[in-house]
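Chemist: Sequence:
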Amino acid sequence: MKLHRVLAEGCVAVLESVLEQGQVLDRVLETVFHANPRWGKRDRSFVAETVFEATRWKRALEFVADGSGLPALCAVQWRRMGFELPGWWAWRGATVTEMSQRELELHTQPRAIRESVPEWLDELGSAELGPRWDAELAALNQRAPIVLRVNTLLNSRDEAAKWLAGEGIESQPLPDISTALQITRGRIGKPLLSTGRIEIQDSGSQRITPVLDLEPGMRVIDACAGAGGKTLHAAALMENRGEVIALDVNGRKLQELSRRAGRAGVSIVRTQVWEPETLRDLSGWADRVLIDAPCSGLGTLRRQPDLKWRLTAPSLEKTRRLQRRLLDHYPEMLRLGGRFVYATCSILPSENEGQIALLRERDPRWQVEESLTVSPSEDGSDGLFASRLSSKK
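The sequence shown lines up with residues 144 to 536 when you count with this note's numbering.
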């Protein structure tokens, strides 16, 4: 297979924005694709695969290339994809022959290079997870499948699967999650999503909202709602009966949530931007509160490999402090007898069960009713954690 110069240069431009400027990979790709409308489906697929895999395997590729420049990084990745390197592509580092030899030597390198993570993160993961860290790292370096959550307000899983089949999309149900369909062939585009019958949502994420133990008619607060994947799941579990308040500091995300709710047939969700008085105004209001807390996001590295290059030890500690503040204050929105769920998309115990243990030391009235840990290596999904707590009477 042969490379096209304009696409090759586009790959380097994306990687420069992501790896050297710290921009978010998905957003950069979206911008580049919008700026190049003449690129076809295969062109976009080539660029996306190149930049995602080069970002995922950055340190391993640098070892094979015997250099750290982006042209060298791309050269190794393209060879892995089966492309011939043209004479017009210049890089500093190993020759093509030397690359082949260094690929064979890669398994002898330290784990941080083999699995392509920063040294500090490799040390932290090993310290927190012990022998499990090897398996989790390997799983997080795999590509994530496309998984859908079926909107049960509009169709059953069987109905959704038949509808998708009619659109040329093949899927299979996931046995342990009643709302999940994994795509095995075909592409889910905006026209299908606009029907509201399905949402793209990782299977692990679909296991979080049920931990709330919801019933129709409840009052629920999603305290860190974002664009509302779990908010809409909650509304479906409540059969669109009751009240759900979706809170977030980002008004644009809440606008997107409102649009998604409209197409999903959800009428019980009210969005609200966090204000200084929000906690006071909602004190004692809710039967359930979901604290889907800001976190390192390490459980989502399959889909967001650029996260590991932006994350730092100081930023992680800042996030842990924020998590503690949320746990100290957000349960104030519960009525007497209410329950809250603390959730993250991290695999680090210090962000998960460690935070729950610290909360119970600070405030012994809280007791754990149920906890869920989702492991990428064991469950084949994103890594997540959720714990439901209630107050001792």
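Treat the hints with care, since some could be wrong.
[To be verified] Straight line, CA to CA, 27 angstroms or less: simulated BS3-like cross-link-like pairs of lysine-lysine: (1) 461 to 396; (2) 145 to 184; (3) 396 to 333; (4) 305 to 184; (5) 333 to 184; (6) 333 to 305.
[Claimed, not checked] Quick list of simulated restraints, FRET-style, between CB atoms: (7) 510 to 211: 46 to 54 angstroms; (8) 248 to 329: 34 to 42 angstroms; (9) 415 to 506: 24 to 32 angstroms; (10) 178 to 274: 41 to 49 angstroms; (11) 360 to 286: 25 to 33 angstroms; (12) 315 to 508: 40 to 48 angstroms.
Just so you know, the hints here were simulated from the structure itself, not pulled from any lab data.
Computed from a prediction, not measured in an experiment: that's the story for all the values here.
Every residue, glycine too, gets a C-beta built ideally from N, C-alpha and C.
Chemist: Now tell me if each hint is right for this structure.
Modeler: Evaluation of the provided hints:
no., hint, verdict
1, 461 to 396, "holds (23 angstroms)"
2, 145 to 184, "holds (17 angstroms)"
3, 396 to 333, "holds (18 angstroms)"
4, 305 to 184, "holds (26 angstroms)"
5, 333 to 184, "holds (15 angstroms)"
6, 333 to 305, "holds (18 angstroms)"
7, 510 to 211: 46 to 54 angstroms, "holds (51 angstroms)"
8, 248 to 329: 34 to 42 angstroms, "holds (39 angstroms)"
9, 415 to 506: 24 to 32 angstroms, "holds (26 angstroms)"
10, 178 to 274: 41 to 49 angstroms, "holds (46 angstroms)"
11, 360 to 286: 25 to 33 angstroms, "violated (41 angstroms)"
12, 315 to 508: 40 to 48 angstroms, "holds (45 angstroms)"
Checked against the numbered hints above, the structure breaks only hint 11 and satisfies the rest.
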